[in-house]
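**Q** Just so you know, the protein sequences line up as chains A and B, in that order. Note that the UniProt record's numbering gives residue 107 to position 107 of the first sequence, counting from 1, and the numbers run on in steps of one. Note that the UniProt record's numbering gives residue 9 to position 9 of the second sequence, counting from 1, and the numbers run on in steps of one.
Keep in mind that the hints are not guaranteed to be accurate.
[What the hints assert, rightly or not] FRET-style restraints, in silico, Cβ to Cβ:
#1 G22(A) / R12(B): 31 to 39 Å
#2 R42(B) / E128(A): 52 to 60 Å
#3 V65(B) / G65(A): 14 to 22 Å
#4 E128(A) / V44(B): 38 to 46 Å
#5 R36(B) / E117(A): 33 to 41 Å
#6 W49(B) / L63(A): 40 to 48 Å
#7 Q131(A) / P23(B): 46 to 54 Å
#8 A124(A) / L48(B): 24 to 32 Å
#9 G92(A) / L48(B): 41 to 49 Å
#10 Q5(A) / R12(B): 30 to 38 Å
#11 E15(A) / R7(B): 17 to 25 Å
#12 A43(B) / G25(A): 33 to 41 Å
#13 R41(B) / G22(A): 45 to 53 Å
#14 P23(B) / P126(A): 35 to 43 Å
[What the hints assert, rightly or not] Just some of the chain B residues that point at chain A, by a computed CB distance under 10 Å:
#15 V18
#16 P19
#17 P23
#18 R37
#19 A43
#20 R45
#21 V70
#22 R82
For the record, the hints were derived by calculation from the structure and aren't laboratory data. Heads up, the beta-carbon is just placed ideally off N, CA and C, and yes, glycines get one too.
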Amino acid sequence: MRERQAFQDARRAREFEAFVAGAAGRLLHAATLLTAELPDDNPRARALLTDALAHTYATWDRLRGEDPYDRARQQVAVRFARGAWRRHRGHGGVLERLNPQERLILVLRMYEGVAEEQTAALLALPTERVQVICARAMARVLHPPRGPAPPRALSGTAPS
Amino acid sequence: MSQYERREVAVRRLLEGVPPSVPPELCEEALRRGGRRLRRRRAVRGLLWLALFAAVVAFSVWASVAQPWVEPPAETTPPLTRW
């Protein structure tokens, strides 16, 4: 019994390590975009990803055919949305001027290529709302307003 | 290519940027924390099974002693002895 469990633990760890070796780069990039940090200085993004991956590992035996990448990405998004991560301002990076919700939706839709409906379901928002926020975030990224970054971007303001 | 698609391509290119390098300790840390969570969950499940088992044993002992399915002797009617 104990031997079987040890064998199972070793197999799970091996599978997980292989998964992380392949997926961590992309996931860390997404997390770094979310926390609006610089690629070479991203402690928040690392902490966020470590937390999400720890959860993915703990539920590895219950994946039942689901893609672990989807699970890990979902964990990153959910933890970012609900956690203290959103209270922190950006520290650089291309999405510094966006607010956390805009960053989250833009990264899920444009970087990860998650469908609008799935994004809406994940964040418990109506699809139209996701569409509007995504469009606003895109406009803000492509045509940044002049001047220094605002202390906290207001979500209600329309892009000029 | 429509204007929207062009904008989408531009945003995607902007997001791709420079990928950060993954520190080697990230996987170790996730394994360590995830493993701890897993063991804790396993321990809680073990305790719950133990509690269930104890409850079943306690009930069986009580039932075999009290035998609640046996009709209790009547107390209101006097026993019929002679007629």
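**Q** Please check whether A43(B) and G25(A) have a Cβ separation lying inside 33 to 41 Å.
**A** Given a distance of about 34 Å, which is inside 33 to 41 Å, the answer is holds.
**Q** Do the Cβ positions of Q5(A) and R12(B) conform to the proposed distance bound of 30 to 38 Å?
**A** Violated, since Q5(A) and R12(B) (Cβ atoms, about 45 Å apart) do not stay within the stated range.
**Q** Is 46 to 54 Å right for how far apart the beta carbons of Q131(A) and P23(B) are?
**A** Violated: the Cβ-Cβ distance is about 36 Å, outside 46 to 54 Å.
**Q** Restraint: A43(B) near chain A, CB-CB cut 10 Å. Satisfied or not?
**A** With a minimum Cβ separation of about 13 Å from chain A (threshold 10 Å), the hint on A43(B) is violated.
**Q** Have a go at the R82(B) hint: is there a Cβ in chain A nearer than 10 Å to its own Cβ?
**A** Since the shortest Cβ distance to chain A is 67 Å, the answer is violated.
**Q** Starting from the hint 52 to 60 Å, judge whether the C-beta atoms of R42(B) and E128(A) obey it.
**A** About 44 Å separates the Cβ atoms of R42(B) and E128(A), which means 52 to 60 Å is violated.
**Q** Classify the hint on P19(B) as holds or violated, based on whether any CB of chain A lies nearer than 10 Å to its CB.
**A** Where the cut-off is 10 Å and the nearest Cβ of chain A is about 5 Å from P19(B), the hint holds.
**Q** Taking 10 Å as the limit, does the beta-carbon of R45(B) come near enough to a beta-carbon in chain A?
**A** 12 Å, violated
**Q** The hint names V70(B) as touching chain A; please verify it with the least Cβ-Cβ distance against 10 Å.
**A** Nearest chain A Cβ about 41 Å off; hint violated.
**Q** Does the Cβ distance between R36(B) and E117(A) fall inside 33 to 41 Å?
**A** 36 Å, holds
**Q** Can the suggested window of 24 to 32 Å be confirmed for the beta-carbon pair A124(A) and L48(B)?
**A** 31 Å, holds
**Q** Starting from the hint 14 to 22 Å, judge whether the C-beta atoms of V65(B) and G65(A) obey it.
**A** Since V65(B) and G65(A) have Cβ atoms about 50 Å apart, the given range 14 to 22 Å is violated.
Checked against the numbered hints above, the structure violates hints 1, 2, 3, 6, 7, 10, 11, 13, 19, 20, 21 and 22; every other hint is satisfied.
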